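Please construct the entire structure, taking both the sequences and the accompanying hints into account.
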Amino acid sequence: MSHLRIRELAQVNWIDVIGAQITTNTAPYQVLDSSTLLTSSLPTDTMYQIRIMMATRTGKGREKRRIRKWKCHFFIRDIQQVVTCVGYINAFSDPRFKAPSKEAGLDSISQSLSPRKFLVLVNPASGQKKASNMFRNVVQPVFMAGGILINLVITEKQGQATEIASKMQLGTYDCVVIVSGDGLIYEFVQGLKEREDWKEAIQQPLGLIPGGTGNGLCVSNCFRGNESFDAISAAYIIVKGKPSPLDLTMYQSLQDQKKYCSFLSLEWAFIADLDIDSENLRSLGSMRYTVKFFQMYFFANKKYSGTIWYLADEISDYSTTSELDLSLFEGVTLEPLNEPSQKSEMVYHEKKTACGVWKAIRGEFHLVWINNVSHPSSDSFAVPGAKFDDGYAHLLLIKGSVPRSELLKVMLALENGTHIQRSSVEIIRTRAFQVVSDAKDQFCVDGELVPGSAFRGQVHRGVARVVSIA
20 MSHLRIRELA
30 QVNWIDVIGA
40 QITTNTAPYQ
50 VLDSSTLLTS
60 SLPTDTMYQI
70 RIMMATRTGK
80 GREKRRIRKW
90 KCHFFIRDIQ
100 QVVTCVGYIN
110 AFSDPRFKAP
120 SKEAGLDSIS
130 QSLSPRKFLV
140 LVNPASGQKK
150 ASNMFRNVVQ
160 PVFMAGGILI
170 NLVITEKQGQ
180 ATEIASKMQL
190 GTYDCVVIVS
200 GDGLIYEFVQ
210 GLKEREDWKE
220 AIQQPLGLIP
230 GGTGNGLCVS
240 NCFRGNESFD
250 AISAAYIIVK
260 GKPSPLDLTM
270 YQSLQDQKKY
280 CSFLSLEWAF
290 IADLDIDSEN
300 LRSLGSMRYT
310 VKFFQMYFFA
320 NKKYSGTIWY
330 LADEISDYST
340 TSELDLSLFE
350 GVTLEPLNEP
360 SQKSEMVYHE
370 KKTACGVWKA
380 IRGEFHLVWI
390 NNVSHPSSDS
400 FAVPGAKFDD
410 GYAHLLLIKG
420 SVPRSELLKV
430 MLALENGTHI
440 QRSSVEIIRT
450 RAFQVVSDAK
460 DQFCVDGELV
470 PGSAFRGQVH
480 RGVARVVSIA
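Note that my numbering has the sequence shown beginning at 20, numbered continuously upward.
These are computed hints drawn from the structure, not numbers from a lab.
Since we're looking at a predicted model, the values are computed, not measured.
Be aware that a few hints might be false.
With a Cα cut of at most 25 angstroms, we get these calculated DSS-like pairs of lysine-lysine [said to hold, decoys possible]: (1) Lys278 <-> Lys406; (2) Lys418 <-> Lys321; (3) Lys83 <-> Lys148; (4) Lys418 <-> Lys378; (5) Lys261 <-> Lys406; (6) Lys378 <-> Lys459.
Pair by pair, the computed Cβ-Cβ distance ranges are [unchecked claim]: (7) Val157 <-> Lys371: 46 to 56 angstroms; (8) Lys149 <-> Val366: 42 to 52 angstroms; (9) Thr437 <-> Pro143: 28 to 38 angstroms; (10) Val31 <-> Asp275: 50 to 60 angstroms.
For each residue, glycine too, the CB sits at the ideal point set by N, CA and C.
Structure below.
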């Protein structure tokens, strides 16, 4: 290709390169199959393009990535060299790429990796109902540039993702991409939990694209990868990342014994009411929480009382089944502790069991928020120290004796994580716990309302997989 002229010389990092494609030379640019071009009998001066997509950023922080495209014109007579070049680009930019042995040489590089296959689930009704357009206009072009084969499913009913997860054949897809809020991820994970081959199924890698209101798992994944929180960065993580472990917490209702598999959080008290009672404001996006918060803050003053038990001792053994290790909870009672002499006071209790020391707190609470990851929602940096696979649940508590004005200050500080500096906020990390409300309060698992007013939970360390660049 000695006839090509280079207009400018630029340097990019392989980590920023999404992939390369051969296309027609005029708009609308159509992606062409290289094998077809190799056997074509077109005139030798027929011209095509190599189009290379990159997701670059100029700064070192969480600056947004922007899509850049380079194009190079070539004649059909050079197709053999072009196909080889494109093969090298796509191989070197693939996160699965491993340098070939000296014996294999460069000729084996472009043939070493088969195209990745993604199942993409899009919830068109999620959040502000923009998920479908966002996937088509922003995410899909990135996937196509990465040479990824897509099976697209637009969900039509609640529970459809659960059905898909419970029946899908393992090993079919390199990644299942969820384009929605946390609700569709929750549905899919419950479907995996129901399978007989739970241990294998739960390791299906998941990709996260923010298409809803909360997007807690996605923003946590972007944060841990030092990426900005937006659709381009999320798509970049999926194309350039690798599966990494994620903790799950198994919950059990102590009323009906039903079990729930959680990747995000358990909510009780003010935060649960805020989440559920703002559902009718979904059209506002994440602003729904702000609007509802001030409405509740000024016009409601509900009290929440109950008992929280948590395992204080370190334990080294982790269950990787879908079952709770009930032996951990031996000696942990559902019976309420002695009532405090005054409502503003808290009662503390400690009990030694065969599995370690359990501690209990009884009294009134403003907020009880048990988190697996750093961000339970896109605007809440609730637990700055939480890791995807640290094996802990992080209990964020605000006691009822704290003035409501302090609750306002805490909620306003949640976005940047500075709330943890306030003395009113207590964060406890544990591997097993039990929460019992004295009333029929609302509880949420991963943002979804669940029936019951008493739950126990146990962390299962690193049993799930999320595609990440951390």
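Status of each hint after checking the structure:
About 24 angstroms separates the Cα atoms of Lys278 and Lys406, which keeps this hinted pair within 25 angstroms; it holds. Straight-line distance between C-alpha atoms of Lys418 and Lys321 comes to about 13 angstroms, which keeps the hinted pair within the 25 angstroms bound. About 23 angstroms separates the Cα atoms of Lys83 and Lys148, which keeps this hinted pair within 25 angstroms; it holds. Proximity of Lys418 to Lys378 is assessed by CA-CA distance (about 16 angstroms); at most 25 angstroms being required, the pair is judged to hold.
Distance hint between Lys261 and Lys406 is fulfilled; the C-alpha atoms sit about 17 angstroms from each other, no more than 25 angstroms. Annotation: proposed proximity of Lys378 to Lys459 holds, straight-line Cα distance about 23 angstroms (limit 25 angstroms). The hinted range of 46 to 56 angstroms is satisfied by Val157 and Lys371, whose Cβ atoms lie roughly 55 angstroms apart. For the pair Lys149 and Val366, the supplied restraint of 42 to 52 angstroms holds, since their beta-carbon distance comes to about 48 angstroms.
Separation of Thr437 from Pro143 is about 37 angstroms and conforms to the stated range, judged on CB atoms against 28 to 38 angstroms. In this structure, Val31 and Asp275 meet the distance hint of 50 to 60 angstroms, their C-beta atoms being roughly 56 angstroms apart.
In terms of the numbered hints stated before, the structure departs from none.
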